[in-house]
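*Asks:* In case you want the letters, here they are:
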Amino acid sequence: MKWFFFLGVFLSLHAQNKQLLYGFNEVPQQLLLNPGGQVDFRGYVGIPLLSHIHLNAGITGFSAFDIFADDGRDFNQKLREVAYSMDSKDFVGFNQQLDVFSAGFSVKTSLEKKLFISFGMYQESDIFSYFPKDYAVLANEGNYNNLNRRFDFGQLSVSAEVLSVFHIGLNKKINSKWTLGIRGKVYSSIVQLSSTKNQGSFITVPTANNNLNHIFDLDMSLHTSGISFLSEPEVNDELGILKKRLLFGGNLGVGIDLGFTHQPAPEWTIDASLQDIGFINYSKDVKNYILDKYLEYDGIQAVFPEITSGLTAQDYWNEVSSDFDNLVEIDSTTISYTKWRPLKLNSSVSYNFGRKINKECNCLDKSDPTFQNRVGAHLFAMNRPNHLQWALSLFYFRKFYKNLQIKTTYTVDAFSFSNVGLGMSAALGPLQFYIMADNLLEYQNLAKSQSVSLQLGFNYIFKNYEN
Amino acid sequence: MKTQSFFIKHISLLFVLGTCLSCIKDTDFEQDDALILYPTVELNLVNAQEPAASFVDSSGTELPFISDQVVFDVFNSGFSIDNLIKAELVFGITNSINKAFQIKVDFYDNADALQHTFSIDIDNSPSNTPLFTEHIEVFENMSLTALKSTHKLNITFTLISTPTSSVLTSGSEGSILFASKGVFYLKISS
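In order, the protein sequence lines correspond to chains A and B.
As numbered in our numbering, residues 1 to 467 make up the first sequence, in order.
As numbered in our numbering, residues 1001 to 1190 make up the second sequence, in order.
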């Protein structure tokens, strides 16, 4: 049990906000966030499986410390306090990405008008769940002290998916002011489940003469794909099947990313992107579960056989018993379904300053003539089943030499108001390493953190000739 | 240039230290593994409403008693045996018949052996005004064990003659309302 909560806190990663990577022009993987980002190199090859490792976990409402603090207090008591301090808008999210391979090259090498093509494949996992508070209260208290309280079964909203994504992107520098980009994607879903359109309730209403009326009104559904084959006895090569799904063998979908960078003046940069405008159609290995029932129960009627030859209490009980059996009987179908990918928006405005200019003309001078500093603001938003998840960051980017860049961010979001992040990219010759992590203030005790985000990777960079 | 190397050194140091020193402190992940819930569930049980005429047979003679029984495997279900730590059966009886009653509830197990019994005395209502009687039967320890072996319930209404009550006929007024609900205290551990 404890590991469940541990995972819940550290692996259930929050949004998919990569505020440190976004706009980090030296790192090629920023093109996955904005296909219209600026490209400062001729080409790159990501080190396979190591070019982009991303983990992002977050939870609102509590931290692991609230439950596991070594304070001698009862574990269940702490758990109860946490559950009661949360509401149904709180959520747990987990997102993980792993670049399997990636590469990019420019077709024209003129700096002003180059077309940069990048492509690759990554694997992604995403789990997201709201906190079903009414379920927790009902499980903890029962209905005894909750007469007339409507327990909302619609609060159950959970989705999980593992998929692989093949992508190819075009990035075109139109002129000195505009860079546009588009990325086409093919999704291959390995496993998916979602239960996000639930409705229903349970209420106990006191009636006359000390009686109770229990009303169950259920309209719930769970879609799954890619899971039911595991329960089929004749399947014994699960791993083989999963591998096949990783390579276009899963449920397929298509999508695009769009983005631009606009520099109205050399000092100012405005950019924005929309990621994952697309959908997946789930038709293979689909199993949907539906519970659409209504039941009112107000007790077993005792009708004394001495009085009437009608129904006895036994008959009533048998009827009630079969009503209850019917209430929890779940229908299943294998009808295909389509889901939109969670749409993500990134946008930033930044100001560049501190250009290095040598006053004396020196043709052999190899110092970097570009701006050394950048400050700006970044907005991230993502649509979740019941709300828009957002984050706002202020950032400062600084170049130290050509081979070392550092970016620091301060982020405000649903998780915290004290999220400070730091990212760095360093190059040793053509080999680049980058690492970015946020919530650094919490690193002295990770258990108190409500979200953790980490990205790192290695690339082989072909620098611009001019460099 | 000096400023830069100062920055590089210190920021790199911060990074390395930050990563190495990040840890999880003052926590104990070895705490009690079990998640324990204590919900209390309230459920309607058996109800009945009988007019005075119900206690008279077809020839117009007052019956000595009426009874009904119900077989149900709820109290003796696996869930109940594992998780039920206390139960209260709450009875509310509203009598407006000018006749006293004794309501007896018997709990039988699979082998028809009596496990538990109790009775509730109901006063007669000479002016046919509703009189309310509440009875709460608490099941703990031994009686809880008896409840958990219950397979069948038998409810008997015995008519009791008192100096102020009348003999019932098909024209007698009033009715008796019998309502029961259970309050089940559960302990559910993972």
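Where hints are given, some of them may not hold.
[As the list claims (entries may be wrong)] Pairs of lysine-lysine, DSS-like flavour, derived with a Cα cap of 25 Å:
no., chain 1, residue 1, chain 2, residue 2
1, B, Lys1104, A, Lys133
2, B, Lys1104, A, Lys78
3, A, Lys243, A, Lys284
4, B, Lys1104, B, Lys1086
5, A, Lys339, A, Lys89
6, A, Lys284, A, Lys356
[Stated by the list, open to error] Over the 12 Å line for every Cβ pair with chain A, so calculated as not near, a few chain B residues:
no., residue
7, Ala1034
8, Asn1044
9, Leu1045
10, Gly1092
11, Asn1098
12, Asp1123
13, Thr1129
14, Met1142
15, Thr1145
16, Ala1179
17, Leu1186
The set of hints was computed from the structure by calculation and includes no laboratory data.
Using N, Cα and C, we set each Cβ at its ideal position, and we do this for glycine too.
*Asks:* Take the hints in turn and mark each one as holding or not.
*Replies:* Against the structure, the hints come out as follows:
no. : hint                  : in the structure
1   : Lys1104/B / Lys133/A  : 42 Å, violated
2   : Lys1104/B / Lys78/A   : 45 Å, violated
3   : Lys243/A / Lys284/A   : 15 Å, holds
4   : Lys1104/B / Lys1086/B : 21 Å, holds
5   : Lys339/A / Lys89/A    : 22 Å, holds
6   : Lys284/A / Lys356/A   : 58 Å, violated
7   : Ala1034               : 7 Å, violated
8   : Asn1044               : 4 Å, violated
9   : Leu1045               : 6 Å, violated
10  : Gly1092               : 3 Å, violated
11  : Asn1098               : 19 Å, holds
12  : Asp1123               : 17 Å, holds
13  : Thr1129               : 15 Å, holds
14  : Met1142               : 24 Å, holds
15  : Thr1145               : 22 Å, holds
16  : Ala1179               : 5 Å, violated
17  : Leu1186               : 7 Å, violated
Hint check: violations occur at hints 1, 2, 6, 7, 8, 9, 10, 16, 17; the rest are consistent with the structure.
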